[in-house]
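Under the numbering used here, the first residue of the sequence shown is numbered 1, with each subsequent residue one higher.
Do not take every clue at face value.
BS3-like, lysine-lysine: derived pairs with alpha carbons at most 27 Å apart [as the list claims (entries may be wrong)]:
#, residue 1, residue 2
1, Lys159, Lys117
2, Lys149, Lys81
3, Lys98, Lys112
4, Lys318, Lys276
Across the chosen pairs, the derived CB separations fall in these ranges [unchecked claim]:
#, residue 1, residue 2, range
5, Lys292, Lys124, 21 to 31 Å
6, Ile57, Lys242, 34 to 44 Å
7, Asp254, Thr183, 20 to 30 Å
8, Glu259, Glu158, 50 to 60 Å
9, Glu313, Ser136, 48 to 58 Å
10, Ala77, Val279, 39 to 49 Å
11, Arg277, Val300, 50 to 60 Å
12, Ala78, Glu53, 43 to 53 Å
13, Val191, Glu259, 16 to 26 Å
14, Met73, Thr183, 15 to 25 Å
15, Met73, Thr314, 22 to 32 Å
Read the hints as simulated data drawn from the structure, not as lab findings.
Even for Gly, the Cβ is constructed at its ideal location relative to N, Cα and C.
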Amino acid sequence: MKWKKILTGTLAAAMLFSNASVANLTALAKETAVVSLESARETLGTLMNEAIEKVNIEKDGIKYSQASKDAVMVKYAAARKVKNNSGATEEQLEAAIKDLREALDNLEQLCKVTVDKRFTNDIKVTLTAEHAEYASENEDSAEFYVPLKEKVTVTTSEKDGNIPFSGWEMTVNNGGSSEDSGTKIVSNSTVYTFYVTGETHLEPVYGETDEKPAEEKIVLTCSTGYETDSAYFLTKREIPKKYSVVEHGVVMTDERGWERYQNKEEGFVRGAALTKRSVAKRKGNSGIFKAKLKCEKNKVWYGRAYIIYTDGETTYTKYSEIIRYPQQ
Numbered sequence: 001m002k003w004k005k006i007l008t009g010t011l012a013a014a015m016l017f018s019n020a021s022v023a024n025l026t027a028l029a030k031e032t033a034v035v036s037l038e039s040a041r042e043t044l045g046t047l048m049n050e051a052i053e054k055v056n057i058e059k060d061g062i063k064y065s066q067a068s069k070d071a072v073m074v075k076y077a078a079a080r081k082v083k084n085n086s087g088a089t090e091e092q093l094e095a096a097i098k099d100l101r102e103a104l105d106n107l108e109q110l111c112k113v114t115v116d117k118r119f120t121n122d123i124k125v126t127l128t129a130e131h132a133e134y135a136s137e138n139e140d141s142a143e144f145y146v147p148l149k150e151k152v153t154v155t156t157s158e159k160d161g162n163i164p165f166s167g168w169e170m171t172v173n174n175g176g177s178s179e180d181s182g183t184k185i186v187s188n189s190t191v192y193t194f195y196v197t198g199e200t201h202l203e204p205v206y207g208e209t210d211e212k213p214a215e216e217k218i219v220l221t222c223s224t225g226y227e228t229d230s231a232y233f234l235t236k237r238e239i240p241k242k243y244s245v246v247e248h249g250v251v252m253t254d255e256r257g258w259e260r261y262q263n264k265e266e267g268f269v270r271g272a273a274l275t276k277r278s279v280a281k282r283k284g285n286s287g288i289f290k291a292k293l294k295c296e297k298n299k300v301w302y303g304r305a306y307i308i309y310t311d312g313e314t315t316y317t318k319y320s321e322i323i324r325y326p327q328q
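Could you put the whole structure together from the sequences, leaning on the hints where they help?
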């Protein structure tokens, strides 16, 4: 019966080895769970620090709307309770991370609008908007911050002493198409209303000037950003009144599509393969349009504005420069 003893001994050794393996795997699983839990807690702490910094510390002149900052702080308070709870599960920590990150992604960055007031005579300059925040004023200038697409009106006096008003000089930095950026005379009227597409500075000009508003110039621009779980392309159009708008919108493609068009940009047009199109409902000769794409914040897209217009006999199509999201 010697073989029975050998077999019994072998089985016993195998069972001991198996029990030891189970114990080791259990211990390893517990260690992994602890590490994962601490990693989630650390990630949440990092996000909380980012939230405090963005809400309370202004960097590079960036300001966010108060409503979106309040939304961040609501999620911050909830995250702090979870982080300080030693019994919080990994699922609870991950949920707090998701909520706080979403609130941070949805912070609404505002655009600065400034008007120059440095004059030797008693000129009255006003700057108004419905949703203005962080307004300030001194003897040199007036400024506030507004959301993209906000309607802003500036007014000034007819004369600087005996010198007549000649026009509004506007400087725009929208981080998008160069056609809309830079400095130019935009209106000869003392009352001027426009939609904000980026950081904007205005100055009323008095005296003779050879520069006139480019009223007959067709302007089509595109810029980009991210809000509420979506990338967006923001377009601005200005079409002379002698034309009527047939259609306008944005053509977009992802990285796969861009591989097809990056060396032949003329092919990246309305109706082309591997593209999406967002068409505006309103067809006014001037205004702005925002095309949204629901996606993760770091998903890469390319877009350009287009407009189809006619003079009654001939139909034309114009495209803006191509813009990458996120901007590099």
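Checked hints:
1. Lys159 - Lys117: holds, 14 Å
2. Lys149 - Lys81: violated, 37 Å
3. Lys98 - Lys112: violated, 30 Å
4. Lys318 - Lys276: holds, 17 Å
5. Lys292 - Lys124: 21 to 31 Å: violated, 40 Å
6. Ile57 - Lys242: 34 to 44 Å: violated, 51 Å
7. Asp254 - Thr183: 20 to 30 Å: Roughly 35 Å apart at Cβ, these two residues miss the hinted range, so it is violated.
8. Glu259 - Glu158: 50 to 60 Å: holds, 57 Å
9. Glu313 - Ser136: 48 to 58 Å: Given range 48 to 58 Å: holds, Cβ gap about 51 Å.
10. Ala77 - Val279: 39 to 49 Å: Between Ala77 and Val279, where Cβ atoms are some 42 Å apart, the hint holds.
11. Arg277 - Val300: 50 to 60 Å: Because 18 Å falls outside the window, the suggested range is violated.
12. Ala78 - Glu53: 43 to 53 Å: violated, 18 Å
13. Val191 - Glu259: 16 to 26 Å: violated, 49 Å
14. Met73 - Thr183: 15 to 25 Å: violated, 38 Å
15. Met73 - Thr314: 22 to 32 Å: violated, 56 Å
Checked against the numbered hints above, the structure breaks hints 2, 3, 5, 6, 7, 11, 12, 13, 14 and 15 and satisfies the rest.
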